[in-house]
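Now for the letters of each chain:
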Amino acid sequence: MPPATATEHPSLVALRGVGKSFPNGVRALAGLDLAVRPGEFVALLGPSGCGKSTALRIIAGLTEPSEGVVEWDNATTVGESKSRLGFVFQEPTLMPWASVFDNVALPLKLKRVRAAARIEQVETALDRVGLGAFGRAYPRELSGGMRMRVSIARALVTEPQILLMDEPFAALDEITRFKLNDDLLQTWDALRTTIIFVTHSVFESVYLANRVLVMAARPGRISTEVAIDASYPRGRSFRTSAEYAALCRRASEALAVAMAVGGQS
Amino acid sequence: MSARERRDRPLRVVMPIVVLALGIAAWQAVVQYKNIPPYVLPAPDLIAQTFATDWELLLRSLLVTVITTVEGFLLAAFGGVFLAILFNQSRFLEYSLYPYAVVLQVTPIVAVAPLLLIYLPQHAAVLVCAWIVAFFPVLANTTLGLRSVDRNLADLFALYGASRWQILRRLKLPSALPYILGGLRIAGGLSLIGAVVAEIAAGSAGAGSGLAYRIAESGYRLNIPRMFAALLLLSLTGIAIFYLLSLINYLALRRWHESALAQES
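Protein chains in written order, with this note's numbering: chain Y, -18 to 246; chain S, 467 to 731.
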């Protein structure tokens, strides 16, 4: 298992006192501190509008923080840090005019990876999400769950050190979501990549992560941290276990406290 | 396609033909019954006869008009798309030139054509007319299309450090394609109108040989059947242009765009 709780590990990425104000005066984030160690699966849990997506975008470098800093380990520049990121949006965000294969190949094309290497990497990524046979299909020919798998394959194709996921399964039905949760855990175990997973589902965050960071709103900041000590692999038996239920209760209570502090949304 | 649409498909083909046949029969009957002289209203059989005798002359004129139209259309298509890309890349250029594109569009081409004929050789003047009328819808649609990019996809491109050129080629142009094709469909009909207007304007100078010139000339000579025959050819040309462009539109979009999908599934 990834060395998740080993505190002596330096963090891969850390936000220090990060704040974000928008031109219309809304303070989305203020004094946000968080550190993620290599190999961790961290869930950012909070009500809608608490700034968790903004935090993720700041980590990705898509939004500049108004205050505070984003620190990457061994002093990588922003440009380099970007190259080791994978980002999965709320929607699959595929190019409708391109085949599944070309969609997954996009990050490599943008980085001008040679065609031979590209084909191999794309096929590996597609196999990893179980879509090896669908390279020639177009996004519209796939179900919502399959589209999200393509989106994940695209994020994985550059073999990123860190995978940022912004409520990726929120729009899917529960059965598909459970399946994708399990597959994501498998992928995480196989690749040992670091994942920051934004969600508003207590159950999803507890099931997936080894650390749940509960956020309070207005302005967004970390309210509490709930360590999820349950061992991996987690499967159906974990989903129905008393341990899982207890952890969910703890996370729910932490969320209730955070919402009381942050005001109703 | 719904069951009702499928059941109605033969009707959609048959009914216009029935209407056409009835119309022609009524026309023939009225002309014969009322003994209307051909220089007032020629009967359909006389128009058909004119086709048979004048076909060489008419086809040569048709060729001239079609070539002008196609040239004007191509200039409008490339010019419109090129200008839109230029405007999209440089706000400075857009602010400087867009108002004049609008001026060109709103000034009635019938009023402009005689002026152009003073300053330009006839062929050039006709071409410029076709271009002026046709390029604006391409410009306006392409401009709109280049701006209608999925925000998340744009973020994704930024995340992987895409260059301006990569964003244009792999994101903006494909996103704009349905809009561009829509603009081209309008431009096709308009370039025919532009060519005809300029030919008519030039016609009185007697130097033209296009179909519109034939119409004007036949009018002066009271050769009304030939006027009708030329007019019919113009209509058929317009219809052919429209369906050709619709076909291109369908072939280019059928795999991915909603507008083309409605017809197949």
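You may find that some hints are simply not true.
As the list claims (entries may be wrong) - Label pairs and their calculated CB-CB ranges:
1) Y:Ala97 with S:Arg630: 50 to 56 Å
2) Y:Glu234 with S:Leu552: 21 to 27 Å
3) S:Pro565 with Y:Arg93: 48 to 54 Å
4) S:Gly627 with Y:Ser124: 46 to 52 Å
5) S:Thr573 with Y:Gly30: 46 to 52 Å
6) S:Pro565 with Y:Ser124: 45 to 51 Å
7) Y:Gly30 with S:Ile705: 37 to 43 Å
8) Y:Pro4 with S:Leu702: 28 to 34 Å
Just so you know, these hints were derived from the structure itself, not from any lab.
None of these values were measured; they are calculated from a predicted model.
C-beta atoms are modelled at their ideal positions from N, C-alpha and C, and glycine is treated no differently.
Each hint tested on the structure:
At roughly 27 Å, the beta-carbon separation of Y:Ala97 and S:Arg630 lies outside the given 50 to 56 Å, and the hint is violated. Distance hint for Y:Glu234 and S:Leu552: a CB-CB separation of about 59 Å, inconsistent with the stated range 21 to 27 Å. Checked against the given bound of 48 to 54 Å, the beta carbons of S:Pro565 and Y:Arg93, roughly 40 Å apart, lie outside it. In this structure, S:Gly627 and Y:Ser124 break the distance hint of 46 to 52 Å, their C-beta atoms being roughly 31 Å apart.
Separation of S:Thr573 from Y:Gly30 is about 51 Å and conforms to the stated range, judged on CB atoms against 46 to 52 Å. Range check, S:Pro565 to Y:Ser124: Cβ separation about 48 Å, and the 45 to 51 Å hint holds. With their beta carbons about 54 Å apart, Y:Gly30 and S:Ile705 fall outside the hinted range of 37 to 43 Å. Taken as a hint, the range 28 to 34 Å is violated for the pair Y:Pro4 and S:Leu702, whose Cβ atoms sit roughly 57 Å apart.
When the structure is compared with the earlier hints, violations turn up for hints 1, 2, 3, 4, 7 and 8 and for no others.
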